[in-house]
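Novice: Taking the hints into account, I'd like the entire structure generated from these sequences.
There are 2 protein chains.
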Amino acid sequence: MTDRAINLRDKLARFSEHWSPRVVAEMNDYQFKLAKLKGEFVWHAHADTDEVFIVLQGALTLEFRDRSVPLVAGEMYVVRKGEEHRPVAAEECSVMLVEPRGVVNTGDAGGARTAPDDVWV
Amino acid sequence: MTDRAINLRDKLARFSEHWSPRVVAEMNDYQFKLAKLKGEFVWHAHADTDEVFIVLQGALTLEFRDRSVPLVAGEMYVVRKGEEHRPVAAEECSVMLVEPRGVVNTGDAGGARTAPDDVWV
Numbered sequence: 003m004t005d006r007a008i009n010l011r012d013k014l015a016r017f018s019e020h021w022s023p024r025v026v027a028e029m030n031d032y033q034f035k036l037a038k039l040k041g042e043f044v045w046h047a048h049a050d051t052d053e054v055f056i057v058l059q060g061a062l063t064l065e066f067r068d069r070s071v072p073l074v075a076g077e078m079y080v081v082r083k084g085e086e087h088r089p090v091a092a093e094e095c096s097v098m099l100v101e102p103r104g105v106v107n108t109g110d111a112g113g114a115r116t117a118p119d120d121v122w123v
Numbered sequence: 003m004t005d006r007a008i009n010l011r012d013k014l015a016r017f018s019e020h021w022s023p024r025v026v027a028e029m030n031d032y033q034f035k036l037a038k039l040k041g042e043f044v045w046h047a048h049a050d051t052d053e054v055f056i057v058l059q060g061a062l063t064l065e066f067r068d069r070s071v072p073l074v075a076g077e078m079y080v081v082r083k084g085e086e087h088r089p090v091a092a093e094e095c096s097v098m099l100v101e102p103r104g105v106v107n108t109g110d111a112g113g114a115r116t117a118p119d120d121v122w123v
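Here the protein sequences line up with chains F and W, keeping their order.
Residues 3 to 123, numbered by this note's numbering, are exactly what the first sequence covers, in order.
Residues 3 to 123, numbered by this note's numbering, are exactly what the second sequence covers, in order.
Bear in mind the hints are in silico, worked out from the structure with no lab data behind them.
Nothing false has been slipped in among the hints.
For identical chains, the list gives no copy identity; a pair is met inside one copy or between any two copies.
With a straight-line Cα cutoff of 25 Å, these simulated SDA-like cross-link-like pairs (lysine to any residue) come out:
#1 83 <-> 31
#2 83 <-> 8
#3 40 <-> 16
#4 40 <-> 6
#5 13 <-> 70
#6 83 <-> 30
#7 83 <-> 52
#8 13 <-> 69
#9 13 <-> 74
#10 40 <-> 9
#11 83 <-> 105
#12 83 <-> 6
#13 40 <-> 77
#14 83 <-> 9
#15 13 <-> 75
#16 13 <-> 58
Specialist: Laid out in structure tokens, this is it:
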């Protein structure tokens, strides 16, 4: 627990890896994570939870099997529990993710792009 | 559920009342709310939950009984469950709050500044 505000820009400056979420805060059993995204991620779903994307910098498209949702900085979207999705970013973007502690970035898909869980920055 | 991104700036433009949170999204049993704050709020605590403040525009100070935490746009803070706090903003600021559905703005304090719960924008 800190007595200082958490500055999102400062936290983002402390890592450069893509698709590797870093935890910046916990609220109850939820975590707030920052991530830098570029390119196409894997199709996946989170069977047990919704997932929030808030775009901080740049632009992101959330692809679903039946639609695509474009997002720019200052916009957010809630991916519903169990819904297959794939984040795609032509250029690097920075996002905040909100989800329960323990959620893995690749959800049910697993594979090489699964990032370590619970890494703080 | 929408197929469009939630644009925080557009949502903020749709209300002007201070200390009157508006829900913009739900994730599981949590809500994301926008609020405009100006002046001093009442001292209160939320006995059952942490509460997240993310400053979107302007500046805010979270006063606690033993310290003050200044926040500017792009910064966040987690108020811990049961901890007495009082938000203070010399000039109008806009924040996003994240907390479980059903949390009332004045917590255990109640009184005239209690805003209606679950009002969406």
